[in-house]
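Undergrad: Please model the entire structure based on the sequences and the hints provided.
From first to last, the protein sequence lines stand for chains A and B. Taking my numbering, the leading residue of the first sequence gets 2, the next gets one more, and so forth. Taking my numbering, the leading residue of the second sequence gets 88, the next gets one more, and so forth.
Honestly, the hints are just simulated from the structure, not real lab data. Among the hints, erroneous ones may be present.
Claimed, not checked - Under the rule of at most 27 Å between Cα atoms (straight-line distance), these lysine-lysine pairs were calculated in the BS3-like manner: (1) LYS286(B) to LYS275(A); (2) LYS273(B) to LYS286(B); (3) LYS113(A) to LYS333(B).
As the list claims (entries may be wrong) - Among chain B residues calculated to face chain A with C-beta under 7 Å, some are: (4) LEU149; (5) LEU187; (6) ILE381.
Said to hold, decoys possible - Per label pair, the in silico range of CB-to-CB distance: (7) LEU402(B) to THR208(A): 49 to 59 Å; (8) THR213(A) to LEU225(B): 52 to 62 Å; (9) LEU187(B) to THR213(A): 22 to 32 Å; (10) LYS286(B) to LEU274(A): 33 to 43 Å.
Even for Gly, the Cβ is constructed at its ideal location relative to N, Cα and C.
Below, each chain spelled out in residue letters.
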Amino acid sequence: MSVVIISGISIGIIYGLIAFGFSLVYRMTGVLNFAQGDLLVIGGLVGYTSYVIWNLSFASSLLISALVVGLLMVLIERLALRPVKYRVIPCVVITMGISFILQNTAQLIWGKGGFSFPTVFGDIAKEVMGIRIVPQDVAVLVIGIAIVLSLSWFMSKTKPGIAMRASAGDSEMALLTGINVYRSNTLAFFISGMLSGIAGVLMAPITFLTATLGTSMAIVGFVAALLGGLGNLVGAVVGGLVLGTVEVLAGTYLTASYRLLIVYAFLSAVLILKPSGLFGDARGDS
Amino acid sequence: MDKIRRWFLETVEGRTLFAFIVLLIVPWIVPNAYTLNVSILILIFLICDMGQNIVMGYSGQLSVAGAALMGIGAYTAAILVNEGLPFEVSVIAALLLSSLLGCLLGILTFRVKTHYVLLITIGFHETVLVLLNNLLDLTGGSSGMPIRPVKLFGAISLSDRTAFYYFTLVVSLLFLYIAFKIRRSKLGLTMLAIRDHEKGALSLGINAVKYRVIAMTLGSLFSGVAGILLGFLTGFLAPTMFSMHKALLLILVVVLGGMGSNRGLIVASVFMTVVSQYLNQFVEVSMMIYGAVIIAVLLFAPGGIEALLATVVLLRKKRRMAGADSS
Numbered sequence: 002m003s004v005v006i007i008s009g010i011s012i013g014i015i016y017g018l019i020a021f022g023f024s025l026v027y028r029m030t031g032v033l034n035f036a037q038g039d040l041l042v043i044g045g046l047v048g049y050t051s052y053v054i055w056n057l058s059f060a061s062s063l064l065i066s067a068l069v070v071g072l073l074m075v076l077i078e079r080l081a082l083r084p085v086k087y088r089v090i091p092c093v094v095i096t097m098g099i100s101f102i103l104q105n106t107a108q109l110i111w112g113k114g115g116f117s118f119p120t121v122f123g124d125i126a127k128e129v130m131g132i133r134i135v136p137q138d139v140a141v142l143v144i145g146i147a148i149v150l151s152l153s154w155f156m157s158k159t160k161p162g163i164a165m166r167a168s169a170g171d172s173e174m175a176l177l178t179g180i181n182v183y184r185s186n187t188l189a190f191f192i193s194g195m196l197s198g199i200a201g202v203l204m205a206p207i208t209f210l211t212a213t214l215g216t217s218m219a220i221v222g223f224v225a226a227l228l229g230g231l232g233n234l235v236g237a238v239v240g241g242l243v244l245g246t247v248e249v250l251a252g253t254y255l256t257a258s259y260r261l262l263i264v265y266a267f268l269s270a271v272l273i274l275k276p277s278g279l280f281g282d283a284r285g286d287s
Numbered sequence: 088m089d090k091i092r093r094w095f096l097e098t099v100e101g102r103t104l105f106a107f108i109v110l111l112i113v114p115w116i117v118p119n120a121y122t123l124n125v126s127i128l129i130l131i132f133l134i135c136d137m138g139q140n141i142v143m144g145y146s147g148q149l150s151v152a153g154a155a156l157m158g159i160g161a162y163t164a165a166i167l168v169n170e171g172l173p174f175e176v177s178v179i180a181a182l183l184l185s186s187l188l189g190c191l192l193g194i195l196t197f198r199v200k201t202h203y204v205l206l207i208t209i210g211f212h213e214t215v216l217v218l219l220n221n222l223l224d225l226t227g228g229s230s231g232m233p234i235r236p237v238k239l240f241g242a243i244s245l246s247d248r249t250a251f252y253y254f255t256l257v258v259s260l261l262f263l264y265i266a267f268k269i270r271r272s273k274l275g276l277t278m279l280a281i282r283d284h285e286k287g288a289l290s291l292g293i294n295a296v297k298y299r300v301i302a303m304t305l306g307s308l309f310s311g312v313a314g315i316l317l318g319f320l321t322g323f324l325a326p327t328m329f330s331m332h333k334a335l336l337l338i339l340v341v342v343l344g345g346m347g348s349n350r351g352l353i354v355a356s357v358f359m360t361v362v363s364q365y366l367n368q369f370v371e372v373s374m375m376i377y378g379a380v381i382i383a384v385l386l387f388a389p390g391g392i393e394a395l396l397a398t399v400v401l402l403r404k405k406r407r408m409a410g411a412d413s414s
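TA: Set out below in structure tokens:
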């Protein structure tokens, strides 16, 4: 039982990272990035290349894939989303197009088959202080919590972070006080991309990496963000934790093959009962 | 002689008649069976692109349920026909089911907008595909299922390609007519009003939810029709025929045609069907090409083909007026 719960929470924290990226970008610009899942897959594949093929350390693979995906995200924002002024329908359709391109590119570079990422910290359960734990899950959990903590420090204590929060709250007011709102937006996209890259590498040893995994991952991140209230950053992480735990529990005790359907059931329930999510929608439109 | 030629090419009635004659003689002028098949595909995809246009172009709902609804129509009709029911009964049942599901989807999305609609319809699509792949007894799973050959009104065999062409022609002209009628009717104009300025429409006392549900239902009816035709054309159904890829192509056509425009949509739809036949040779990169096209259209020509056509018409009008001045 403890193994299942810890594995649920560690998947949950990964979902939380994806959802945080989603929510951050949404709160800053109103864009819902459907290519997020594919960026995550690219992150995982880049991590695979650097860790397995180039034999780099796990930490540097994590960093490389975070940077690669972060820069990709900045490119997307600059070249495709800013020119349409972040309007909703064009942006959704454009990110869908980007998702097509990324999926196809991933297939061309890494092939259509899947990759199994070797476990870095071991996946055999051990007994520690009377609780059975899997080292892999605990490591993911620790890394995830460290990232969430450093993000919250960044958003509340550093100048760029505060500027970002200001422009998310009221972009015109922020402009008046001399904040470069566009730079803040780009930064939000960069952070969101980095989170996707990291989540992809953390995710890789747990799931089987394929180029077409992206769509379902985008939905998972989206549902988690929605659960916590779209645009609510703390809510996004909590939503991810809830979704991950529920999904793993359901996958273990019910049928594993219908895992994704459970996510959709959750989604429909949230949208019908409380479209603003558990903690309220930051932008107030649902 | 010159007068007749001008009547055919320059008056509205003449052009309509001309187009109609061309459509009628297609089976005799196409060089081979493959081209006839492509012509039938063009007509079929016109119907489902029109359906997507009603949902997305007229009423502004970003739905990707089109392909899944096509699948539901196709599979329902095929299963019933294979059970031994007459063609007409199966088709009516399949259409009822697909429009009912579309209506339910519309109701399900009543509290939410744009991206949430997209999300719910993605969920719907994936659920339908999971079911198509896993209900082995009913659908044959991922290996697909053959459909028994059918006869229309118990007499005309639809295995004959020429007969199938005329059947599809009648159906697709009927549905195009309906779509054009809707666009000009109060129903269509209300949908456009809600799409363009929802708050304004609401303040005029328009029930936006009702019109969204109507659009969704109509759209799924169109998708169902196209799905059924596609199924009986190929005589075989597999879940990959209704993949997310296909759903996104529907969106691509609507964006390319210029959201909500009928004539732009027709041009875009015919163009896409022909191009996708050609791109079948490059399966490896086809998704990349579609993605690039959709982004390029939105960035550089957000008005789509409709805007292009409007410019051409305007230029010609200007030239004609200049000509009239000088004479």
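Undergrad: State for each hint whether it applies.
TA: Hint check results:
1. With a CA separation close to 22 Å, the supplied pair LYS286(B) and LYS275(A) stays within the 27 Å bound.
2. Restraint check for LYS273(B) and LYS286(B): the C-alpha separation of about 18 Å stays at or below 27 Å, so the hint holds.
3. With a CA separation close to 19 Å, the supplied pair LYS113(A) and LYS333(B) stays within the 27 Å bound.
4. With a least beta-carbon distance of about 6 Å to chain A, the hint placing LEU149(B) at the interface is held under the 7 Å criterion.
5. At its closest, the beta carbon of LEU187(B) sits 17 Å from a beta carbon of chain A; the interface hint therefore is violated under the 7 Å criterion.
6. Hint status for ILE381(B) relative to chain A: holds, with the closest Cβ pair at about 4 Å, below 7 Å.
7. As the Cβ distance of LEU402(B) to THR208(A) is approximately 56 Å, the hint placing it in 49 to 59 Å holds.
8. A hinted range of 52 to 62 Å for the beta carbons of THR213(A) and LEU225(B) is inconsistent with their spacing of about 25 Å.
9. Distance hint check: the CB atoms of LEU187(B) and THR213(A) are about 31 Å apart, consistent with the given range 22 to 32 Å.
10. Distance hint for LYS286(B) and LEU274(A): a CB-CB separation of about 25 Å, inconsistent with the stated range 33 to 43 Å.
Of the numbered hints given earlier, the model fails hints 5, 8, 10; all others are met.
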